[in-house]
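Colleague: Make the full structure from the sequences, and use the hints.
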Amino acid sequence: MGKGNPLIIVPAFNEAERITSVLQGIKKNLAGADILVVNDGSTDNTAAVASKEGVMVINLPFNLGVGAALQTGFKYAVCHGYQVVIQMDADGQHDPVYLLQFLQALEESGADLVIGSRFLLPGKFPGSWIRLAGIKIFSFLVLLATGKKLTDPTSGYRAMRRDILEFFCRDFFPQDYPDADLLIAICRAGYKVLEIPVVMKKRISGQSLHAGLRPLYYIFKMFLSVFVTMLRRH
Amino acid sequence: MILRQKVFAVAVSLLIIIGIVELVRRRKLEEKYSFLWLVTGLALLLLTVKIDFLFFLSRLIGAEVPTNTLFIFGLIFLMLLCLHFSLEFSRMNQQIKNLAQSLALLERQLAEEKEHGTN
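In order, the protein sequences belong to chains A and B. Numbering (the numbering used here) for the first sequence: 4 to 237. Numbering (the numbering used here) for the second sequence: 3 to 121.
Calculated directly from the structure, the hints in this document are not laboratory data. For every residue, glycine included, the Cβ atom is placed at its ideal position computed from N, Cα and C. Each statement offered as a hint is correct.
Residues of chain B placed beyond 12 Å of chain A at every Cβ, according to the derived structure:
(1) R6
(2) F10
(3) L62
(4) I63
(5) A65
(6) V67
(7) P68
(8) I74
(9) L77
(10) L83
(11) L85
(12) L112
(13) A113
(14) E114
(15) E117
(16) H118
Taking lysine-lysine pairs in the DSS-like style, the calculated list, with each CA pair at most 25 Å apart, reads:
(17) K139/A to K34/B
(18) K205/A to K31/A
(19) K99/B to K78/A
(20) K151/A to K195/A
Modeller: Given below as structure tokens:
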């Protein structure tokens, strides 16, 4: 059993206002793709809004974190025989116009994972300087650990093949923020990673993933996670 | 603080730090639960190595002997750790309850759909 068409996984937490345009954009740009929204315990009517667009919806019984929500989608994809998966955010930062480019890049390069990087095209970074500094630091960590230059390790706009999907279904996959530590694990396990340029829109409103004291914990967690990932054998 | 006390405290703090990192590496301990442990280990190390901090802290809290400071803060950290666990247990308990209910309701739904299928 194998599905010829790609699966677009959209993890969502309280994105009822923004998700409709995202889903419509996907349908417009990649009409043949299946769409799966993973509702991560939203307290608004994200699930109802998504269902109205005719896409598949999985409702997690409570909030698990974006990593676990994505992994739920990956497990679904593996279960149902999908060969290609693209993940994107539900808040409108990721432009569906690049979907076809992801598929082409995956096809032509033979890479296992294609990441959409904000930093390959000239333009201002739509976010705070703290975030930019953080991304640069993690990019450097990835370079140190793997020798591979990845400009946007925190980008949630990615395409992947089935092989690496099965790898992601294992328990090591971070439940909260799958970023630099995951990339290091991927490279050490021998998977090929490629970046393609994308332009991301600024986050307009709503609850950011990195709010309040969470950035501090995130930094601590990342450094520790990257450190132990390098100590592990993959 | 005599050398013997210093050596012991440094050894213990290093053991804690290395032990916790190793447990995280082996995936027996998740990063978020290692946070308080690592803070404790690092604080202990810092206070022992930078003896002035320890003396300052001792004067601040009115401890008679610097080792008392280490003990009291060790106890405070342990209490915080336990509190953290209690909070986590409470949260997880709710999640398990919700999970169990979801599962039971799903099985019921499945059974009802099977019934309708054969009718």
